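S.K.: What follows is the residue order along each chain.
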Amino acid sequence: MAAQTPAPAIIDKTAPRAPRRLVFEVMHDWITTVDHKKIGLMYIGYSLLFLLIGGFEALLIRIQLAIPNNSFVSPQAFNRLFTMHGTTMVFFVGMPILFGFGNYLVPLMIGARDMAFPRLNAFSFWISAFGGVLLYFSYLGGDGLYGAGSAPDVGWFAYAPLTARVFSPGHSTDYWTLALLLSGIGSIGTALNIVATTICMRCPGMKLNRMPLLVWLYLVTSGMVFVAVSPLTAAQIMLMLDRYAGSHFFDTQAGGSAVLWMHFFWIFGHPEVYILVLPAFAFANEIIPVFSRKAIFGYPAMVAATVGIGFISLSVWAHHMFTVGMGAYANTFFTFATMIISVPTGIKIFNWLATLWGGKIHFTVAMMFSVGFLFQFLIAGLTGIMLSASPFDWQLSSSYFVVAHFHYVLVGAILFMIFAAFYYWYPKMTGRMLSEKIGKWHFWIFLIGFHLTFDFMHIPGILGMPRRIYTYEADRGWEVLNMIVSSGAVLQTIASLLFVFNLIWSYFKGAVAGPDPWDAWTLEWSTVSPPPPYNFAVTPTVESRRPLWDLKHPDDPDSNYEM
Amino acid sequence: MSGTAVVPHASAEELKMPSRGIVGMACLIAAEAAIFIIFVVAYVFYLGKSISGPTPREVLDLPILSTICLLSSSITVHFAVSALHHSKRSMCSLWLALTVLLATIFLACTAQEWWRLIYHDGLTLQTNLFGTTFYSLVGLHASHVVAGLLMLSLALFFSLRGQMTAKHTERLEVLSLYWHFVDAVWIVVFLVVYVFGR
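Protein sequences, first through last, are from chains A and B. Just so you know, the working numbering puts the end of the first sequence at 555, numbered straight through with nothing missing. Just so you know, the working numbering puts the end of the second sequence at 442, numbered straight through with nothing missing.
Simulated from the structure, these hints should not be mistaken for laboratory data. All values derive from a computational prediction rather than experimental measurement. Ideal Cβ positions, reconstructed from N, Cα and C, are used throughout, including at glycine. Some clues are possibly wrong.
Between beta-carbon pairs, the in silico distance windows are [stated by the list, open to error]:
id: 1; chain 1: A; residue 1: Pro546; chain 2: B; residue 2: Gly406; range: 51 to 59 Å
id: 2; chain 1: B; residue 1: Glu302; chain 2: A; residue 2: Lys199; range: 42 to 50 Å
id: 3; chain 1: B; residue 1: Lys293; chain 2: A; residue 2: Asp21; range: 38 to 46 Å
id: 4; chain 1: B; residue 1: Gln370; chain 2: A; residue 2: Thr531; range: 54 to 62 Å
id: 5; chain 1: A; residue 1: His20; chain 2: B; residue 2: Thr409; range: 35 to 43 Å
id: 6; chain 1: B; residue 1: Pro262; chain 2: A; residue 2: Met378; range: 23 to 31 Å
id: 7; chain 1: A; residue 1: Phe342; chain 2: B; residue 2: Pro262; range: 33 to 41 Å
id: 8; chain 1: A; residue 1: Tyr236; chain 2: B; residue 2: Ile349; range: 47 to 55 Å
id: 9; chain 1: B; residue 1: Arg442; chain 2: A; residue 2: Arg157; range: 30 to 38 Å
Some chain B residues close to chain A (C-beta under 7 Å, calculated; not the full set) [stated by the list, open to error]:
id: 10; residue: Val267
id: 11; residue: Lys293
id: 12; residue: Thr376
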């Protein structure tokens, strides 16, 4: 290493590639790190791994359902596949990848040097990662000692009494419970950290109304984690007591209630959708303005809508339970609560459209994914309004229409924005651009695959195909449709592998990014790529919502218009 | 575009921000409150739904002494914080010791109550829905008391060794916030389980 140089000089240079070190030294660095950027990258890396595993499970499910009377997997294995697919995608892909981006971006965007509690941050990561490993260990250890192929098969919702000892012998359900309990503790720790960071660590001038919208959305998301993930943790404790200590919470033989489990699960499960989708909105809030070359339209309305979604989402959970017999009054209440949530969501969509309106739109891959997100999220919302009407839901509950609806949200909105976020922030994280050429192939193949799969999936649902069936007869009129759906899944797989290839290839061969490749205006683009430890050599000072714009356009800075 | 961070070209006002510890503890309390709410809801939902005895009315007594002890320990810990704030270190040790004593009495009362319930009335976690929900809710609270008692004892230990000074006030305050929360939960548990539930 060179002699001691003053801090500003270090930050001016392009980051040099570190000298080659021993593998063990590098591993030791990563395992013991408390740096928010490294922890964020570890979150992202481990959820990408699980994305591949969960995607592979989805592919197996679609192969099984491609033709009628198929026997590619056994019914038991099929139950395990959809249980593991759902659990993996929600808890070990969605949550960690979004928290990974949050971990990486929130301190950079508010001009802080690290998170409020760096060691808690590392703890949260490792305990979540351990939960994921534990879940997959059940494939080895669930049926007693190393009985192979014994993953949980109770569905990702684990309805009682399926989870009772009698119906679920062995330990697969215990693995499921413990894995979710651990990842829940990790999520709560990270959320606590993000709130404390946002509230206490902002740089001078970064008032609450000047924070980037991404930070606002992560603040609201984290708040929701406390009131949504904690009930899940409580319910998991009860389930563990039932299974280990012989208590009767969900034991219908002793007067316990299966419906109570549904309430507890969906009190977590519905806000969880918004915990996943708000970060996707957050990425859209940063990417759409930059590639429209306009400031975001309606900043205060966006914040208000976010807080509104946060509150309303806590009163809609029972729309998952219209058909269990809650009675007309409860169904009516939850119908209206669910419909009302479309109002703040609509505000957001209109604000994104108004941001695009009259802008100089640059169709980079990140922007293409964002535009795809806008359309698909709109459609997801529309089928959501259909399902929120409880009479309609009575017809389509637990059909493939529902599966199509929520995959429109989870893939069409959230995964598309995750891809967009990769194309947008990868240069900041690695110092290299992702290849736009491979990216465009990735986008178009994935888009076609997505629409083949999930557009056509609505139709067998309306025709009466229930979800969670492992095969079907040939005379139902679902065969062609299922074949189309499955071929779309193959296209999505190809596109995802292309994306992974892009990630690896660009790391070595991609164009050098420089500190600010997109000509953006939030603080993370003011340091070198990748940012040095402690992010900023000089603590930044901001005077408006777009600090880099002020710096690049001294003739017409935002700060003249604010305050 | 050079790579420098945004240079302060005017003095933006320094923002007054709360301490990390207090905000972190507030978040933890929010999460814990949600967990307790789920257990309380389960308790209330299953009230009177047990298909066999014993019922709460038959076996529960009002825990007056332990309630008084726990609630007054909230006051003593508050005095400990303010004593430390004014650098009265021996007073701080005294109030902390009193808090630890009161919390220990509370736990002893709970232990005595559980012993009586288990060996005299034959009520365990497995007996019926009342046993299930009672032990889990009261036990969840008691485990929080145990955690708080450990931390308070640690604080007392440092205080007796003279290692706690006025600059640690904030940390003790974070701990006292947790303790106030545990007390507030007990008020809810007391009302739900022992007053309305009987």
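S.K.: Give a verdict on every hint.
M.R.: Status of the hints after comparison with the structure:
1. Pro546(A) <-> Gly406(B): 51 to 59 Å: 57 Å, holds
2. Glu302(B) <-> Lys199(A): 42 to 50 Å: Hint violated: Cβ distance 60 Å, outside 42 to 50 Å.
3. Lys293(B) <-> Asp21(A): 38 to 46 Å: At roughly 56 Å between Cβ atoms, Asp21(A) and Lys293(B) fall outside 38 to 46 Å, so the hint is violated.
4. Gln370(B) <-> Thr531(A): 54 to 62 Å: Holds - the Cβ-Cβ distance for Gln370(B) and Thr531(A), about 59 Å, lies within 54 to 62 Å.
5. His20(A) <-> Thr409(B): 35 to 43 Å: 36 Å, holds
6. Pro262(B) <-> Met378(A): 23 to 31 Å: 45 Å, violated
7. Phe342(A) <-> Pro262(B): 33 to 41 Å: Between Phe342(A) and Pro262(B), where Cβ atoms are some 35 Å apart, the hint holds.
8. Tyr236(A) <-> Ile349(B): 47 to 55 Å: At roughly 31 Å between Cβ atoms, Ile349(B) and Tyr236(A) fall outside 47 to 55 Å, so the hint is violated.
9. Arg442(B) <-> Arg157(A): 30 to 38 Å: 32 Å, holds
10. Val267: 5 Å, holds
11. Lys293: 5 Å, holds
12. Thr376: Holds: closest Cβ of chain A sits about 4 Å from Thr376(B), inside 7 Å.
Of the numbered hints given earlier, the model fails hints 2, 3, 6, 8; all others are met.
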